[in-house]
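Enquirer: What follows is the residue order along each chain.
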Amino acid sequence: MKKSMFVFMAVASVLLGLSCGPSAAEQEKAKQEILQIEATHQEVDSTEKEVAKTAQELDSLLQQLNAQ
Amino acid sequence: MKYVLKSIQGGLLALSMGAMISTSAFAQGNSQGHGKGNQNTGGKPAVISTTTTQGKTEIKAGTTQGKADIKGGTVQVKADIKGGTVQGKPPVSVLSGQGKPDNGGKGSHGEGKGGKGSGNGKPESHSEGAHGSKAEGNKGSKSHEGAPHGEANGHDKGKEEHGVGNAVKGDAGSADADGSHGKGADGSHGNKENTANDFGQARAEAARAKTKTVVATAETHFSTEEQHVLTAKDQIKAAKTQVEVMQKDPKADKAVIATKLEIIRQAELKVNQLDQQIQAGKAVVQKAKTVIESAAKIN
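Line by line, the protein sequences are chains A and B. Just so it is clear: in the first sequence, position 33 is 33 by our numbering, and no numbers are missing. Just so it is clear: in the second sequence, position 163 is 1163 by our numbering, and no numbers are missing.
Keep in mind that the hints were calculated from the coordinates and are not lab data. Please note that a few of the clues may not be correct.
Stated by the list, open to error - In silico EDC-like cross-links for lysine to aspartate or glutamate, where the CA-CA straight-line distance does not exceed 20 angstroms: (1) 1210(B) / 1268(B); (2) 53(A) / 1244(B); (3) 49(A) / 1219(B); (4) 1260(B) / 33(A); (5) 1260(B) / 1234(B); (6) 1237(B) / 1249(B); (7) 1210(B) / 1226(B); (8) 1289(B) / 43(A); (9) 1260(B) / 59(A); (10) 1212(B) / 33(A); (11) 1233(B) / 1205(B); (12) 1254(B) / 1244(B); (13) 1282(B) / 43(A); (14) 1287(B) / 1244(B); (15) 1212(B) / 43(A); (16) 53(A) / 1226(B); (17) 1260(B) / 1244(B); (18) 1237(B) / 1219(B); (19) 1282(B) / 1219(B); (20) 1237(B) / 1205(B); (21) 49(A) / 33(A); (22) 29(A) / 1205(B); (23) 1210(B) / 33(A); (24) 1240(B) / 43(A); (25) 1289(B) / 1234(B); (26) 1210(B) / 43(A); (27) 1233(B) / 57(A); (28) 1248(B) / 1262(B).
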């Protein structure tokens, strides 16, 4: 009987541990956060590229100006 | 008495097994729900019923995803490819209980050649464990216009837009996502970010780290460009002075003066544009910092 109880308690503990993962809502929230971070990443990246492109164009114009 | 005790013990063991399978399936089910279209639109936990009769256990497990009804097997529903776009409709293994049967396969039930439809690193063997089927995989099924490993299999050809992987469109089929060789958003093979469980942890960390790096680089870049703008303004000013001097000189070529004036005008426009972009970029950087910080606080 004791053995059975021991087995039961052990299994119950394992199950309890396994069921303590993040819930669906938490996962969804995490997902949204990640997507937001990634979107921000993209935004920063694209802005930086635009700036670099404009700077290059400006350099080109300045070179023309100096060449004249 | 002995028999009673043994029965109780057997029953407990059976119950624990059933509950463990239930928990496992639930966890796997939770990790899904990112798919599109015919792919994995589920994410609901497997329904498992356990019946115990004097030590004998009968476990019936079926998923609520797709059409298949699986009995007596392990439901492998871990595959979750994040990032990238699946081109074409990935054939989804019928055995996995998700999506529609692969038209390219022989037979749509049981031992049919179900499509891989997964982010499995070992496509040819993904269905073997649970169902003992052949699962040869759909090697470029015509019905799905798929490539042998890429499009048709849900191995996304990710757009390398976000580095980490943005859209979650690659949920397809069943299989173990570990070791997936999908060309994910960051183009890495076997990236663990593509596993379902990492969506809220490893992937979040990676996203934060990458964004931090990008933000830091962008900040430096914007500061440099601010100096660039100042230098450019000085150069334009000097050019204007030079043009004024030339205009006073009757011998100066008017065509050259006109050209210079035009270039100066364009350069001024460009400088203003650059200045605005830098300011916008700074705002974006600030926003990104806030997002990263708030995410870090939550986690």
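Enquirer: Take the hints in turn and mark each one as holding or not.
Expert: Verification of the supplied hints:
At roughly 35 angstroms between alpha-carbon atoms, residue 1210(B) and residue 1268(B) are farther apart than 20 angstroms, so this suggested pair is violated. Our distance criterion of 20 angstroms between C-alpha atoms is broken by residue 53(A) and residue 1244(B), whose separation comes to about 30 angstroms. For the given pair, residue 49(A) sits about 13 angstroms from residue 1219(B) by alpha-carbon distance, which is consistent with the 20 angstroms threshold. Under the criterion of a C-alpha separation no larger than 20 angstroms, the hint pairing residue 1260(B) with residue 33(A) is inconsistent with the structure, at around 51 angstroms.
With a C-alpha separation of about 15 angstroms, the suggested pairing of residue 1260(B) with residue 1234(B) holds against the 20 angstroms cut-off. At roughly 19 angstroms between alpha-carbon atoms, residue 1237(B) and residue 1249(B) fall within 20 angstroms of each other, so this suggested pair holds. Proposed proximity of residue 1210(B) and residue 1226(B) is contradicted: the alpha carbons are some 24 angstroms apart, above 20 angstroms. With a C-alpha separation of about 12 angstroms, the suggested pairing of residue 1289(B) with residue 43(A) holds against the 20 angstroms cut-off.
With a CA separation close to 15 angstroms, the supplied pair residue 1260(B) and residue 59(A) stays within the 20 angstroms bound. Using a Cα cut-off of 20 angstroms, the hinted pair residue 1212(B) and residue 33(A) holds, with the two alpha carbons roughly 15 angstroms apart. Restraint check for residue 1233(B) and residue 1205(B): the C-alpha separation of about 42 angstroms exceeds 20 angstroms, so the hint is violated. Of the supplied pair hints, the one linking residue 1254(B) and residue 1244(B) holds, its CA atoms being roughly 12 angstroms apart against a limit of 20 angstroms.
Distance check on the hinted pair: residue 1282(B) and residue 43(A) sit about 11 angstroms apart at the alpha-carbon level, within 20 angstroms; holds. Of the pairs offered as hints, the one joining residue 1287(B) and residue 1244(B) is violated, with about 44 angstroms between alpha carbons and a cut-off of 20 angstroms exceeded. Under the criterion of a C-alpha separation no larger than 20 angstroms, the hint pairing residue 1212(B) with residue 43(A) is consistent with the structure, at around 13 angstroms. Of the supplied pair hints, the one linking residue 53(A) and residue 1226(B) holds, its CA atoms being roughly 14 angstroms apart against a limit of 20 angstroms.
Note on residue 1260(B) and residue 1244(B): the hinted pairing holds, with a Cα-Cα distance of about 11 angstroms set against a maximum of 20 angstroms. Taking the CA atoms of residue 1237(B) and residue 1219(B), the gap is near 27 angstroms; set against the 20 angstroms cutoff, the hint is violated. A C-alpha spacing of about 7 angstroms is found between residue 1282(B) and residue 1219(B), which places the hinted pair at or below 20 angstroms, so the restraint holds. Restraint check for residue 1237(B) and residue 1205(B): the C-alpha separation of about 48 angstroms exceeds 20 angstroms, so the hint is violated.
Between residue 49(A) and residue 33(A) the alpha-carbon distance is near 24 angstroms, which puts this suggested pair outside the 20 angstroms criterion. For the hint pairing residue 29(A) with residue 1205(B), the CA-to-CA distance comes to about 15 angstroms; that is within 20 angstroms, so the pair holds. With a C-alpha separation of about 14 angstroms, the suggested pairing of residue 1210(B) with residue 33(A) holds against the 20 angstroms cut-off. Only pairs whose Cα atoms come within 20 angstroms are accepted, and residue 1240(B) paired with residue 43(A) is rejected, the gap being roughly 36 angstroms.
As the CA atoms of residue 1289(B) and residue 1234(B) are separated by approximately 33 angstroms, the hinted pair breaks the 20 angstroms bound. Under the criterion of a C-alpha separation no larger than 20 angstroms, the hint pairing residue 1210(B) with residue 43(A) is consistent with the structure, at around 13 angstroms. Among the hinted pairs, residue 1233(B) with residue 57(A) is consistent with the structure: their alpha-carbon atoms are about 14 angstroms apart, no more than 20 angstroms. Simply put, residue 1248(B) and residue 1262(B) have alpha-carbon atoms about 18 angstroms apart, close enough for the 20 angstroms limit, and the pair holds.
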